[in-house]
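Visitor: Given the sequences, and given the hints that come with them, work out the whole structure.
Same order as they appear, the protein sequences are chains A and B. In this text, residue positions in the first sequence follow the numbering used here: the first is 328, and each later residue adds one. In this text, residue positions in the second sequence follow the numbering used here: the first is 10, and each later residue adds one.
Any given hint might turn out to be false.
What the hints assert, rightly or not - Derived pair list, reagent style EDC-like, types lysine to aspartate or glutamate, alpha-carbon separation capped at 16 Å:
#, chain 1, residue 1, chain 2, residue 2
1, B, K30, B, E18
2, A, K637, A, E670
3, B, K30, A, E520
4, A, K710, A, D682
5, B, K97, B, D53
6, A, K637, A, E697
7, B, K30, A, E543
8, B, K30, A, D524
9, A, K547, B, D23
10, A, K380, A, E367
11, A, K637, A, D583
12, A, K634, A, D583
13, B, K20, A, E543
14, A, K547, B, D24
15, B, K30, A, D522
16, B, K20, A, D538
As the list claims (entries may be wrong) - Derived CB-CB ranges, DEER-like:
#, chain 1, residue 1, chain 2, residue 2, range
17, B, I103, A, Y541, 32 to 42 Å
18, A, R377, B, A74, 29 to 39 Å
19, B, M32, A, L560, 32 to 42 Å
Hints listed in this document are in silico derivations from the structure and should not be mistaken for laboratory results. Even for Gly, the Cβ is constructed at its ideal location relative to N, Cα and C.
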Amino acid sequence: MKKVLTGNHAVSYGAMIARAEVVAAYPITPQTQIVEKLSEMCADGDLDARFIKVESEHSAMAACIGASASGARAFTATSSQGLALMDEMLHWASHARLPIVMANINRSLGPPWTIWTDQNDTISRRDTGWIQFYCESNQEVIDTMIMAFKIAEQVKLPAFLTLDSFYISHTSEAEELPNQKLVDEYLSKYQAETDLDPTKGSPAYGSLTTDQWYFELQIKMQRAMEQAYDIILKENDLFEKMFGRSYLPVEGYRTDDADYVVFVSGTIASTIKDAIDRARENGIKVGSAKVRLFRPFPKAMIREMAKGRKRLGVIDRNISYGSEGAFFTEIKGALYSQSEHPEIHGFIAGLGGRDVTVDSAYEMIRLVVETSPEKDINWQGAKL
Amino acid sequence: MAKNKYFVEIKSIDDLPTMAKTMGSMMVNETGSWRNVYPVVDKDACTRCGICWKFCPDVVVSEDADGYPVFNLDYCKGCGVCANECPKSCIAMIEEGK
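Guide: Put into structure tokens, the structure is as follows:
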């Protein structure tokens, strides 16, 4: 069934058809519509879930942790400062190996106060142990919601997906609402390993662990992340068979014969396609590659995508202060062990919601094609 | 404290659970062993208001047939929150072994 939904409501409907059992969330612009819709769904009985009103994002995640540990499928949504406030509990959720799913609207961090998009809120949560998906379209959002639960529950790690503030969150698109029966077939009820009822013999979780075993528990988390990468591919295959849509961790656009490839993420992945088409019309063999997965980082696919290219570019809508764009660092790191080292341009564009236009994307493509990189950060679309 | 029948020896990473957890439930992990003071209620002064029951962070307070508080010393850690909150100051914290 086709439905016209904003990105935010795609998240709400995603939680509904994935049959979330507990929703605990605190409203924050530009995520508020997600929570409003979910509370309506719970009140109307469209979603058979317990909606927990909380006083902060920290409490929202704490409630999800309790719900998930007791065996329920738990969901929350937040953005920016809310995600930052949640930080301590993000670590708790992953270390406790609870498959909570969250949607985060990528909104720049303040001050100065802002509600427009960039990725610094989630990029700075890099080492929390959460699987991270960066979405390009509303359809991808709703589909990722379903897949995220299935992946998270298999590897026992939490997962979040991100939506660019306003460019996705508040933009309406016609999208295919996956059939409930098919979704139920794809994603069965959560079978938890954990319970919180002491009379049934359930243990207490997260108890004090000294240097004798903490190290090994960390290795188990890393192994789960590595396993997640394979499961993401496997689940995407199954999803494609059942629903006809595919989302690879690294997705090329006109890259088959490309001499040059520009890596992007989020909604810029859509914008750059027009610029790539324009460059192709001008006879330039260039393509783009959307990186949808940030953790686990899809190193193998990055290497495959970079192979045999004359020069590469990376567009980051984020910055690691004192270093460079985060995807730029990761992509260079993935290629270091390879025998080929094509030159790589690092661009930073669109911070604080600054529009990345087709023209500015075309300029970045031109720089990749015509020039060698001279510095680690090439600011694009800034008033310098 | 009885020996924990859930105890398993961990020798390698493969024996470890996915996440750190207690061996057996809290029914066998009796946290009362952490205590160095324990609560004693003066029934003559107690008004059976239930505030100690309400505030106990370890849920060890229940009531006897007459409605007076009873403390489950298998789990009471001796934090003294009950004594602090009691409006009649009729809960004393007594040092263990005295």
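Visitor: For each hint, tell me whether it holds in the structure or not.
Guide: Structure-based check of all given hints:
1. K30/B <-> E18/B: Judged against 16 Å, a Cα distance of about 13 Å means the pair holds.
2. K637/A <-> E670/A: holds, 8 Å
3. K30/B <-> E520/A: Holds, because 12 Å separates the two Cα atoms, which is no more than 16 Å.
4. K710/A <-> D682/A: holds, 13 Å
5. K97/B <-> D53/B: The hint holds at about 10 Å.
6. K637/A <-> E697/A: holds, 11 Å
7. K30/B <-> E543/A: holds, 14 Å
8. K30/B <-> D524/A: Given pair K30/B, D524/A holds - Cα atoms ~14 Å apart, limit 16 Å.
9. K547/A <-> D23/B: holds, 9 Å
10. K380/A <-> E367/A: Holds, because 13 Å separates the two Cα atoms, which is no more than 16 Å.
11. K637/A <-> D583/A: Holds, because 13 Å separates the two Cα atoms, which is no more than 16 Å.
12. K634/A <-> D583/A: holds, 11 Å
13. K20/B <-> E543/A: holds, 11 Å
14. K547/A <-> D24/B: holds, 11 Å
15. K30/B <-> D522/A: holds, 12 Å
16. K20/B <-> D538/A: Holds. K20/B to D538/A sits at ~14 Å (cutoff 16 Å).
17. I103/B <-> Y541/A: 32 to 42 Å: holds, 37 Å
18. R377/A <-> A74/B: 29 to 39 Å: holds, 36 Å
19. M32/B <-> L560/A: 32 to 42 Å: Holds - the Cβ-Cβ distance for M32/B and L560/A, about 37 Å, lies within 32 to 42 Å.
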